[in-house]
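Q: Sequence:
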Amino acid sequence: MSTTPVSFEFFPPNTPVGADKLRTVVQDLAAVKPEFFSVTYGAGGTTRERTLDTVKAIATMGHEAAPHLSCVGSTEASIAEILATYREQGIRRIVALRGDLPSGTATAGEFRYASELVEFIRRTQGDDWFIEVAAYPEYHPQQRYARRDLEHFANKVGAGANSAITQFFYNPDAYFHFVDEVHKLGVKVPIVPGIMPIHSYAKIAQFAARDGIEIPRWVALKMEGFMDDAASVRAFGIEVVTRLCERLIAGGAPGLHFYTLNQSSLALEISRRLGLAQAS
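All letters in the sequence shown, in the order written, are residues 54 to 333 by this note's numbering.
These are computed hints drawn from the structure, not numbers from a lab.
Check each hint, because a few of them may be wrong.
To be verified - Restraint-style ranges between C-beta atoms, simulated for each label pair:
#1 200 to 284: 25 to 31 Å
#2 179 to 69: 36 to 42 Å
#3 226 to 130: 28 to 34 Å
#4 199 to 70: 25 to 31 Å
#5 130 to 153: 18 to 24 Å
#6 237 to 142: 37 to 43 Å
Claimed, not checked - Straight-line distance between alpha carbons at most 27 Å, and here's what the computed DSSO-like set of lysine-lysine pairs gives:
#7 275 to 74
#8 109 to 86
#9 74 to 109
#10 241 to 86
#11 86 to 74
#12 275 to 256
Beta carbons: idealized from backbone N, C-alpha and C, even for Gly.
Make a model of the complete structure from these sequences and hints.
A: So, in C-alpha cells, the structure goes:
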C-alpha cells in the first residue's frame, strides 16, 4: 500500500437519516486509514451545531476530526467560545477560513480575512491547535490579480498555519505552478491538493463555473457526450481523477484531500486504484 496521507471532507447532514448514512460512509472510508476527516461550516456559522455534532460523532468512532471554522461575520468572543467547545471535545485540528456572509448580512464582523483568524488563534491560544488553511491553485474567484492572491496565501501561512488544503482542480500544472510560486514567497508548509471525484458531471461543472476552476476541454467534451449514461460518466470520471492523483503523487504532493459530498464509493475506488486502501 502507498504511504501517501489521505483525508476526507464531509458537510454536516441536516436529517437523522443523513447522519446515519454518514456514519456508514465514515466506516467505509476508514479502510484507507485517513489522517483525519474534515467537516464544513455554513456561511456565517449557520451549521455550527450540526458541524459540532458531526465532528463529535466522527471522534466517537475513533477518528480524528477537523471542523471548518469561518470567521467573517464573527466576533473574537464568539470564535473563542467555539474553540472552547471543540477543546472540551478533544479536538485540536481546525480548518481556518474566511467564509461567506449569510445572505442578507451586511457587516463582516471583527475579522476580514482568514489570516486574521489564524493570527487571533495563535495570539490567544498559542500552539494548541493544528491549523489548516485554504489554497487556490487557479486563484481565488474573487481575486483579480494572481500576485495578490499568492501574497494573501503567504500571509495566512505566516500568521501561523501548519498546512494548507487546496480548492479542487483538474489541471495538475496549476497546482505545481502555485506551489512553486508560493515557495518563492517563503511558504514551507505542506500544500495538500483537494480532489473532487466526479459524482455528477453537471454538478461538478456548476461548482467549477462558480469557483473559476478549469475543466480541461477534452474532459468536458467527453463527459457531455455521455449525456445521461451514468455508468460511463462514473467510469471515465474515476479514470480521470485517478490519473490526476497519480501525477500529483509522482510530483511530490504531500497528501490527498478528497471532497466526498458525503459519499464513499468513488473516493474509495480511486484510493484502491492508487494503492491507498486494501481491496475488499
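Q: A separate judgement is required for each hint: does it hold in the structure or not?
A: Here is how each hint holds up against the structure:
1. 200 to 284: 25 to 31 Å: For residue 200 and residue 284 the Cβ distance comes to about 44 Å; the hint is violated.
2. 179 to 69: 36 to 42 Å: holds (38 Å)
3. 226 to 130: 28 to 34 Å: Hint violated: Cβ distance 44 Å, outside 28 to 34 Å.
4. 199 to 70: 25 to 31 Å: Violated, at about 43 Å.
5. 130 to 153: 18 to 24 Å: holds (21 Å)
6. 237 to 142: 37 to 43 Å: holds (39 Å)
7. 275 to 74: Distance of about 32 Å is beyond 27 Å: violated.
8. 109 to 86: Since the Cα atoms of residue 109 and residue 86 sit roughly 18 Å apart, the hinted pair holds (cutoff 27 Å).
9. 74 to 109: Satisfied, since the Cα-Cα distance of roughly 15 Å is no more than 27 Å.
10. 241 to 86: At roughly 26 Å apart (the allowed maximum being 27 Å), residue 86 and residue 241 satisfy the hint.
11. 86 to 74: holds (19 Å)
12. 275 to 256: Holds, because 16 Å separates the two Cα atoms, which is no more than 27 Å.
Of the numbered hints given earlier, the model fails hints 1, 3, 4 and 7; all others are met.
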